[in-house]
Amino acid sequence: MSQLTEERMLDSGEKELVLDVRTQDMEINMGPQHPATHGVLRVVLTADGEILTSADPHVGYIHRCAEKVGENVDFDGYIPYTDRYDYLSAMNNNVGFALVVEKASGLEVPPRATWLRMIVSELNRVASHLLAFGTYGIDIGAITPFLYGFREREWVLSLFEKICGARLTYSYAFPGGVINDAPGGWFDEVLKFCDVFDRKWREYDDLLTRNKIFIERTKDVGSVTADQAREFGWTGPCLRGSGVRYDLREAQPYLFYDQVGFDVPIGRGEMGTVGDCWDRYWVRMAEMLQSTRIVRECVERCIKDTTPGEVMAKKPKTLKVAANEAYVGIENPRGELGHYLVTDGGAQCFRIKVRGPSFTNVSCLAKLLPGTMLADAVAIIGSIDIVLGEVDR
Amino acid sequence: MTELLITKVILAGFVVFAVLNLAGLHTWVERKQSALIQDRIGANRASIFGFRLFGIFHGIADALKMFTKEDVIPAGANKTLHTVAPFFSVLFSLVVFAAIPFGPTLLIPGLEPIHLQVAKIDAAVLYIFAMLSLGVYGVIIAGFASRNNYALMGGLRATAQMISYEVALGIAIIGVIMVYGTMDLGEIVDRQGHLIGGWLPMWGIVTQPIAFIVFTTAALAETKRAPFDLPEGESEIIGYFVEYSGMKFGMFFLADFLETIVVATLATTLFFGGWQIPYMAADGFHFPWGWDIPIDNWLYVLLGFLSFSAKTLAFCFVFMQIRWTLPRFRYDQLMDLGWKGLFPIAVVNVVVTAIIMTVMGKVG
Chain F
1 MSQLTEERML DSGEKELVLD VRTQDMEINM GPQHPATHGV LRVVLTADGE
51 ILTSADPHVG YIHRCAEKVG ENVDFDGYIP YTDRYDYLSA MNNNVGFALV
101 VEKASGLEVP PRATWLRMIV SELNRVASHL LAFGTYGIDI GAITPFLYGF
151 REREWVLSLF EKICGARLTY SYAFPGGVIN DAPGGWFDEV LKFCDVFDRK
201 WREYDDLLTR NKIFIERTKD VGSVTADQAR EFGWTGPCLR GSGVRYDLRE
251 AQPYLFYDQV GFDVPIGRGE MGTVGDCWDR YWVRMAEMLQ STRIVRECVE
301 RCIKDTTPGE VMAKKPKTLK VAANEAYVGI ENPRGELGHY LVTDGGAQCF
351 RIKVRGPSFT NVSCLAKLLP GTMLADAVAI IGSIDIVLGE VDR
Chain S
1 MTELLITKVI LAGFVVFAVL NLAGLHTWVE RKQSALIQDR IGANRASIFG
51 FRLFGIFHGI ADALKMFTKE DVIPAGANKT LHTVAPFFSV LFSLVVFAAI
101 PFGPTLLIPG LEPIHLQVAK IDAAVLYIFA MLSLGVYGVI IAGFASRNNY
151 ALMGGLRATA QMISYEVALG IAIIGVIMVY GTMDLGEIVD RQGHLIGGWL
201 PMWGIVTQPI AFIVFTTAAL AETKRAPFDL PEGESEIIGY FVEYSGMKFG
251 MFFLADFLET IVVATLATTL FFGGWQIPYM AADGFHFPWG WDIPIDNWLY
301 VLLGFLSFSA KTLAFCFVFM QIRWTLPRFR YDQLMDLGWK GLFPIAVVNV
351 VVTAIIMTVM GKVG
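Chains as they are written, first to last, in our numbering: chain F, 1 to 393; chain S, 1 to 364.
No lab work stands behind these hints: they were computed from the structure. For every residue, glycine included, the Cβ atom is placed at its ideal position computed from N, Cα and C. Check the hints yourself; a few may be wrong.
Stated by the list, open to error - Chain S side only, calculated, beta carbon under 8 Å to chain F, not exhaustive:
no., residue
1, 149
2, 226
3, 227
4, 235
5, 325
6, 332
7, 333
Stated by the list, open to error - Pairs of lysine-lysine, DSS-like flavour, derived with a Cα cap of 30 Å:
no., chain 1, residue 1, chain 2, residue 2
8, F, 212, S, 32
9, S, 340, F, 219
10, F, 315, F, 103
11, F, 304, F, 68
12, S, 340, F, 212
Between the sequences and the hints, there should be enough to build the whole structure, so can you do that?
Here it is as structure tokens:
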């Protein structure tokens with residue numbers, strides 16, 4: 001028989017009865033093979049019933065020394081390695097590395113290549129957010145949105161296949177430009193995709209975003225204030241979900257982002273508090289519409305202002321860059337992807353450092369998870385939308 | 001006596017055959033229906049001699065796979081309980097069907113009238129609830145005996161969920177019992193054949209609409225399927241059956257579908273007139289606008305059975321549709337809905353029903 005031994009006052013003013021029962025917290029090893037960790041993240045959780053008391057993320061299961069490899073292959077040869085850190089936004093990764101090499105070497109990129117880079121970057125952002133949307137649905141328990149998201153994602157992948165031949169690891173943007181010009185009819189199909197996508201987006205809104213259960217599951221869960229988000233070093237949709245208007249496309253325009261019009265959606269606490277899971281999710285959804293808007297404008301400018309065929313700058317077969325250093329940060333679907341490059345006059349990077357958004361974003365788990373329920377842990381990890389390929393590189 | 005025994009064995013055999021096959025078909029329905037919802041084609045590869053029949057053979061392929069897979073019992077698990085658990089689940093879902101009347105009385109010359117109901121139990125409603133409650137033991141034991149934290153969590157969730165929702169479920173049914181004045185399911189169905197004001201069938205949905213909503217919601221929770229699939233919770237805890245493989249896993253899978261069918265038949269029986277068709281009586285149709293169409297007993301029985309099947313399938317369809325549309329609740333939200341939402345509504349429904357019945361003079 002358990003006996004009442006003492007009564008304790010909680011901060012909230014409620015009385016808690018402390019019973020003479022020996023209880024033991026349960027240790028749950030979430031991952032590295034767990035459906036909700038989106039890869040090989042391992043989180044060691046201790047749970048008191050359904051409520052988590054501590055969380056300890058372990059990363060590094062797929063570390064592949066990408067940066068070290070960069071010191072041993074030439075600049076063009078490193079591009080395929082960039083594909084593989086955040087494999088869901090390979091186009092953006094390519095562009096990020098190409099930009100930093102161009103900045104260090106002073107290579108001039110033809111305008112058509114820049115427009116094409118913007119188009120594929122934004123399309124890749126849509127594809128990446130669609131996956132985030134779908135998998136988030138699965139995390140919350142709804143499987144159908146996943147398939148809806150994949151339906152449209154397939155179309156983007158087909159567009160990429162037409163322009164560069166690959167569906168996941170594109171290696172499309174290289175220092176100096178892009179490898180291929182858009183094939184005939186490609187721009188029309190891109191515009192058609194944008195129109196269809198904007199209509200389909202409403203379906204997602206009906207099916208998941210405004211679903212009562214979904215809102216209940218995500219509002220007020222894992223709320224992060226703007227200050228906290230900055231402390232975590234968050235960037236991208238996670239930071240904007242906390243109400244901070246910081247988007248590198250707007251704050252430090254690269255490519256031609258200063259020449260196109262778009263909004264930066266931020267979390268407003270529409271359903272609960274600012275910076276909860278729903279806000280982070282919503283920022284991604286709203287960004288997809290902005291992306292199609294940018295794509296439309298880019299396609300128009302690309303056709304009007306540039307001559308077909310000029311997509312690669314004249315550069316030697318093996319590019320050598322004089323001793324120099326450069327940093328370029330770009331807005332990846334998951335946040336700021338920074339490349340810091342040091343060169344020594346050779347054909348390889350002397351040193352390349354990658355600042356990956358997923359790696360920085362995932363750091364919050366030990367702070368955010370304790371005190372939430374097990375199901376919330378899944379919702380929070382999903383809303384941060386990490387790609388483990390980039391966490392570990 | 002022998003004659004009765006043979007009749008019962010035939011009836012029981014028929015019900016088990018029908019129900020198990022329907023559960024098997026459910027795997028196909030689930031695949032195809034989810035495919036339709038999700039803009040896919042769905043399973044269509046399994047074929048026998050080149051006949052694909054829209055992938056209907058996938059159920060057979062599933063069964064073959066389950067039977068031939070290695071049956072793994074994790075080290076440290078309780079072997080006996082681990083083995084017994086899936087049988088519990090399937091058994092208690094299957095025996096429920098015994099009390100459900102699936103057609104009117106069949107008259108065969110030279111024989112006693114045959115009620116199309118395996119066991120005519122006076123307190124059938126109680127029997128069904130007892131069996132449904134026992135069904136959860138399979139899940140708890142599975143979670144407990146697997147020696148896996150995830151499975152244990154699934155078992156715990158299932159326990160809490162079943163207890164919470166059975167209360168609402170039971171109280172919702174009390175309204176129905178009050179209106180029809182009996183716990184015998186056969187009687188309840190018979191009395192639903194009466195007409196209110198000469199034209200409106202006295203189905204449960206008409207007399208107890210609130211109870212129907214509470215019942216359906218709670219019953220969905222009872223089936224452990226989305227949006228109440230917490231014990232399973234694929235993306236959180238994988239499920240209470242995480243340590244099961246082969247046909248033992250298959251039995252949990254089967255029990256899931258069986259429970260869906262149980263709930264569909266119960267909803268049909270209690271709220272949609274069971275095998276009744278509006279204006280159909282034993283001697284034929286009597287429409288309120290004056291038409292009379294006499295029918296034979298065999299046609300009457302057949303129509304009744306078809307009506308019952310159609311209603312059950314319609315419910316299965318609705319449940320499936322819900323399962324593939326909605327996300328999953330969180331544990332505390334589930335408890336809130338059960339105790340703070342459904343439970344008070346069900347209680348108020350009983351009180352209101354009692355008052356109305358007293359005012360209308362239905363209570364002696």
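Taking the hints in turn, this is what the structure says about them:
A distance limit of 8 Å between C-beta atoms decides the matter here; for residue 149 (chain S) the minimum to chain F is near 5 Å, and the interface restraint holds. Checking residue 226 (chain S) against chain F: minimum C-beta separation of about 6 Å stays under 8 Å; hint holds. With its C-beta approaching chain F no nearer than about 6 Å, residue 227 (chain S) sits inside the 8 Å limit, and its interface hint holds. Restraint check, residue 235 (chain S) versus chain F: the minimum CB separation of about 5 Å is within 8 Å; hint holds.
The criterion of a C-beta within 8 Å of any C-beta in chain F is met by residue 325 (chain S), whose closest approach is roughly 6 Å, and the hint holds. Annotation: interface hint on residue 332 (chain S) holds; nearest CB of chain F at approximately 7 Å, less than 8 Å. Against a cut-off of 8 Å between C-beta atoms, the interface hint on residue 333 (chain S) holds, since the closest Cβ of chain F lies about 6 Å away. This hinted pair checks out: residue 212 (chain F) and residue 32 (chain S) have alpha carbons roughly 26 Å apart, not beyond 30 Å.
Restraint check: the Cα-Cα separation between residue 340 (chain S) and residue 219 (chain F) comes to about 20 Å, which is no more than 30 Å; the hinted pair holds. Only pairs whose Cα atoms come within 30 Å are accepted, and residue 315 (chain F) paired with residue 103 (chain F) is accepted, the gap being roughly 14 Å. For the proposed pair residue 304 (chain F) and residue 68 (chain F), the alpha carbon gap of about 42 Å is over 30 Å, so the pair is violated. In summary, the hint linking residue 340 (chain S) to residue 212 (chain F) is supported, as the alpha carbons are separated by about 17 Å, within the 30 Å threshold.
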